[in-house]
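Between the sequences and the hints, there should be enough to build the whole structure, so can you do that?
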Amino acid sequence: MSSDPDKLVAKADKLTKLTLTRWSADWRNATLNYEQAANAYRVAKKYEKAKDAFEKASKGQEMLTSPWDAAKHMESAAALAKELGNWNDVADLYRRASELYVECGRAQPASDALGKAARAVEDHLPDVAVQLYTDACSLLEEDDKDQMAFDLYRALTAVHIKLEKYTDAAAALLRLGLAADKCNASNSQFKAYLSAIIVYLYANDVKAAEKCYNDCSQIPAFLGSDQGRCGSRLISAYSEGNVEEIKRVAQSSTITHLDHAIIKLGRKLPTGEVTAVKAGTEEGEGLDEDDLT
Amino acid sequence: MSVIDILTRVDAICNKYDKYDVEKQKNLNVSGDDAFARGYAAIDAEIEAALEKAELASKEKSKASTVALNAELRRTKAKLLDEVPKLQRLAIKKIKGLSTEDLAARNDLVLALPDRIQAIPDGAAAAAKQPGGWGPSASHTEIKFDSDGRFDDEYFQESEQSNQFRQEYETRKRRQDQGLEMISEGLDTLKNMAHDMNEELDRQVPLADEIDSKVDKAASDLKNTNVRLKHTVTQLRSSRNFCIDIVLLIIILGIAAYLYNVLKK
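For the protein sequence lines, the chains are A and B, in the order given. Going by the working numbering, the residue at position 248 of the first sequence is 260; the numbering climbs one at a time, nothing skipped. Going by the working numbering, the residue at position 40 of the second sequence is 910; the numbering climbs one at a time, nothing skipped.
Keep in mind that the hints were calculated from the coordinates and are not lab data. In this text, a Cβ means the ideal position worked out from N, Cα and C, and glycines have one as well.
Computed list of lysine-lysine pairs in DSSO-like fashion (alpha-carbon distance at most 27 Å, straight line):
| id | chain 1 | residue 1 | chain 2 | residue 2 |
| --- | --- | --- | --- | --- |
| 1 | B | Lys949 | B | Lys963 |
| 2 | B | Lys1084 | A | Lys157 |
| 3 | A | Lys276 | B | Lys1061 |
| 4 | A | Lys128 | A | Lys177 |
| 5 | A | Lys57 | A | Lys128 |
| 6 | B | Lys1061 | A | Lys194 |
| 7 | B | Lys1061 | A | Lys280 |
| 8 | A | Lys280 | A | Lys219 |
| 9 | B | Lys1061 | A | Lys157 |
| 10 | B | Lys1084 | A | Lys84 |
| 11 | B | Lys896 | B | Lys963 |
| 12 | A | Lys194 | A | Lys128 |
| 13 | A | Lys84 | B | Lys1087 |
| 14 | A | Lys128 | A | Lys58 |
| 15 | B | Lys929 | B | Lys949 |
| 16 | B | Lys1084 | A | Lys128 |
| 17 | B | Lys1087 | A | Lys157 |
A few chain A residues that face chain B, going by a derived Cβ cut-off under 8 Å, partial list only:
| id | residue |
| --- | --- |
| 18 | Ala197 |
| 19 | Ser200 |
| 20 | His269 |
Right under this line is the structure:
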């Protein structure tokens, strides 16, 4: 076999084309040629050609009914596309690879592929990244492998925070909490809840933060935990309008153990006006008294 | 007659003529008939004994014996205080031959008893100034200082030494608090890390189980393959087959040589 990749590709193409003399394509040899060519291109740093060769090799493996190898080739193709900077291509190729992995019945590598895709495109196509992360998480949850989903949820939250979509970020954190609950990872669960409360407060939505805290307090362990107490201190500090207290709680060590993105948000608290909530309720009572006449 | 004999005789004569001792009889009679009087006399005697012990304790040099004596005193005081209510009940009872004035007097006597008991000094008032931090207990109204509130005495004045001591105490306490805070933060971090490690290990457990089963399968496959390989190789290279091969080779060579000879001719 000549080691010239172009010749290899040409040969392989000939093997796969159906002509009068050839009634069935010889995929085995063709795939072999494609793989060799792709490796040669990669070494020669001809990424475009390498990517094409990998794609063709993957198709060959599919024809040989070996989805595992096909998926592996797809992933290599996608990695090369990342080098090239074709973000859409990257997303598509990784999706294909993930589907092939699912065909093999292996959910873990499938979600890994989607995760790699999301990480690659999150800077350039954040919405696509969000979609990819969500799909990866649902893949794992279907397969009862929630533990692995934690990292993906955390990355998803970071993307949302970068996009300044705080409600989405908080929702992602609450889903993290749910996944943690299923595997009895109480520490991660409580940290997720506290992070959600902080995200709500950063978005200046005190009511939502309070509601979130009350919901999470339904779990008795959360109330008595470090994170729960920290959350209650924050909420009470907000309702009293005590800026000093908020700052002090934000410096506490419990917050320091959360994710980096959340720590940054916490240090920036309080945002906006921190007026005591009591002022609002007093006005309401005055009106009621008048109405009762 | 020796002195001892004289003493014995005197004692015998006294005993004989005791019933003519008016004073003694009165005392005996009174205490014999009356439960109240008896009880009162007993408590009185105990109070006297306790006061004597208190005197002794205040003169004691060694701290340990002072403490022990003070403890005794406190116990006695508590016991006496318990008996006072009993006596009170007895005091109200009317005894024949007792005037109303006497009854009232008895009541007063009984009421005065608790005060007398409490007044027995038992070293509880020794620390006139307690170092700060004992706020709530200082307001206990039943604790009485035996100095009757005379705090202007030289004994109780703040000396420079005690001021310095108090300041040093406060600085040390502050430093301790700082150190403890640092330790607490470190412990917090440790706790967090330990929790995370716990969760990580939990995550790894099912993976390890999978690896275990896969490796077991691979090992058994390998063993199988090895056995078959051995079988094949022995079949191929057994010495019997080798000898047969050599013999056949020799026969073929022989035939070839024979043919060669025949053709050469």
